[in-house]
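Take my numbering: the final residue in the sequence shown is number 148, and no numbers are missing along the way.
These are computed hints drawn from the structure, not numbers from a lab. Treat the hints loosely; a few may be bogus.
[As the list claims (entries may be wrong)] The calculated DSSO-like cross-link candidates involving lysine-lysine, where the alpha carbons are at most 30 angstroms apart (straight line), are: (1) Lys121 x Lys25; (2) Lys24 x Lys52; (3) Lys121 x Lys24; (4) Lys48 x Lys121; (5) Lys39 x Lys121; (6) Lys47 x Lys141; (7) Lys118 x Lys54; (8) Lys52 x Lys17; (9) Lys17 x Lys137; (10) Lys39 x Lys137; (11) Lys141 x Lys121; (12) Lys25 x Lys48; (13) Lys107 x Lys121; (14) Lys17 x Lys62; (15) Lys47 x Lys17; (16) Lys118 x Lys47; (17) Lys62 x Lys141; (18) Lys47 x Lys107; (19) Lys52 x Lys118; (20) Lys141 x Lys24; (21) Lys121 x Lys52; (22) Lys47 x Lys121; (23) Lys25 x Lys141; (24) Lys52 x Lys107.
[Stated by the list, open to error] Simulated DEER-style distance windows between Cβ atoms: (25) Tyr111 x Glu132: 19 to 25 angstroms; (26) Lys121 x Asp81: 14 to 20 angstroms; (27) Lys25 x Asp97: 36 to 42 angstroms; (28) Ile85 x Asp57: 26 to 32 angstroms.
Just so you know, even glycine gets a beta-carbon here, dropped at the ideal spot from N, CA and C.
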Amino acid sequence: MKHIVFDEKKCAGCNLCELFCSSKWYDAFNPKKSRIKIKTEDYVAPKYNVCLQCDDAPCVDACPTDALVIDQDLERVVLINDLCIGCRLCVKACPYDGIYWHKDYKLPIKCNLCEGEPECVKICPKNALSVGD
Numbered sequence: 016m017k018h019i020v021f022d023e024k025k026c027a028g029c030n031l032c033e034l035f036c037s038s039k040w041y042d043a044f045n046p047k048k049s050r051i052k053i054k055t056e057d058y059v060a061p062k063y064n065v066c067l068q069c070d071d072a073p074c075v076d077a078c079p080t081d082a083l084v085i086d087q088d089l090e091r092v093v094l095i096n097d098l099c100i101g102c103r104l105c106v107k108a109c110p111y112d113g114i115y116w117h118k119d120y121k122l123p124i125k126c127n128l129c130e131g132e133p134e135c136v137k138i139c140p141k142n143a144l145s146v147g148d
């Protein structure tokens with residue numbers, strides 16, 4: 016399935032991707048509300064965490080209410096907020112730390128590829144992010 020690809024060699028660590036992601040989905044320039052996480056440390060290449068939209072998504076299997084589903088048309092894993100009971104089993108099941116629990120919303124948050132037009136990819140000034148298969 017399609018997912019966000021990160022090239023750490025190109026990343027400047029500006030975190031614009033996080034800011035614009037949080038702005039699109041939560042109307043706030045707040046990295047804590049971003050669906051992508053870029054971690055930078057002194058003298059270490061940046062690392063990222065974002066949903067990889069797994070074909071055999073363990074988060075989907077872990078969800079007892081079917082709040083996570085695979086959207087075959089847009090090739091992504093989608094969270095249906097109204098079905099989520101906040102058990103956090105999806106967060107625990109993700110081997111890539113691509114789903115985050117947000118304490119303010121009492122819901123998991125994850126990348127949904129912005130309906131096919133990822134804000135993080137569009138805003139990255141160094142083209143460190145792209146959409147791949």
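Given the hint that Lys52 pairs with Lys118, does the C-alpha gap stay at or below 30 angstroms? holds (16 angstroms)
Just to be careful, I want the Cα atoms of Lys47 and Lys17 compared with a cutoff of 30 angstroms; is the pair within it? holds (24 angstroms)
Next pair to validate is Lys52 with Lys17; report whether the Cα-Cα distance is within 30 angstroms. holds (18 angstroms)
Holds or violated: 26 to 32 angstroms for the Cβ distance of Ile85 and Asp57? Given a distance of about 39 angstroms, which is not inside 26 to 32 angstroms, the answer is violated.
What's the verdict on Lys121 and Lys52, does the C-alpha distance respect the 30 angstroms limit or exceed it? holds (19 angstroms)
Restraint status (C-alpha distance of Lys62 to Lys141 at most 30 angstroms): Holds - the C-alpha atoms of Lys141 and Lys62 are around 15 angstroms apart, at most 30 angstroms.
Does Lys24 sit within 30 angstroms of Lys141, going by the straight-line distance between their CA atoms? holds (10 angstroms)
Taking 30 angstroms as the top limit, are the C-alpha atoms of Lys118 and Lys54 close enough? holds (20 angstroms)
Would the pair Lys25 and Lys48 pass a check requiring their Cα atoms to be no farther apart than 30 angstroms? Holds, because 24 angstroms separates the two Cα atoms, which is no more than 30 angstroms.
Straight-line alpha-carbon gap Lys25 to Lys141, limit 30 angstroms: Answer holds: Lys25 to Lys141 is near 6 angstroms, not above 30 angstroms.
Straight-line Cα separation of Lys47 and Lys107 no greater than 30 angstroms? Holds: Lys47 and Lys107 sit about 19 angstroms apart, inside 30 angstroms.
Between Lys118 and Lys47, is the straight-line Cα distance small enough, at 30 angstroms or below? holds (10 angstroms)
Checked against the numbered hints listed earlier, the structure breaks hints 1, 3, 11, 28; every other hint is satisfied.
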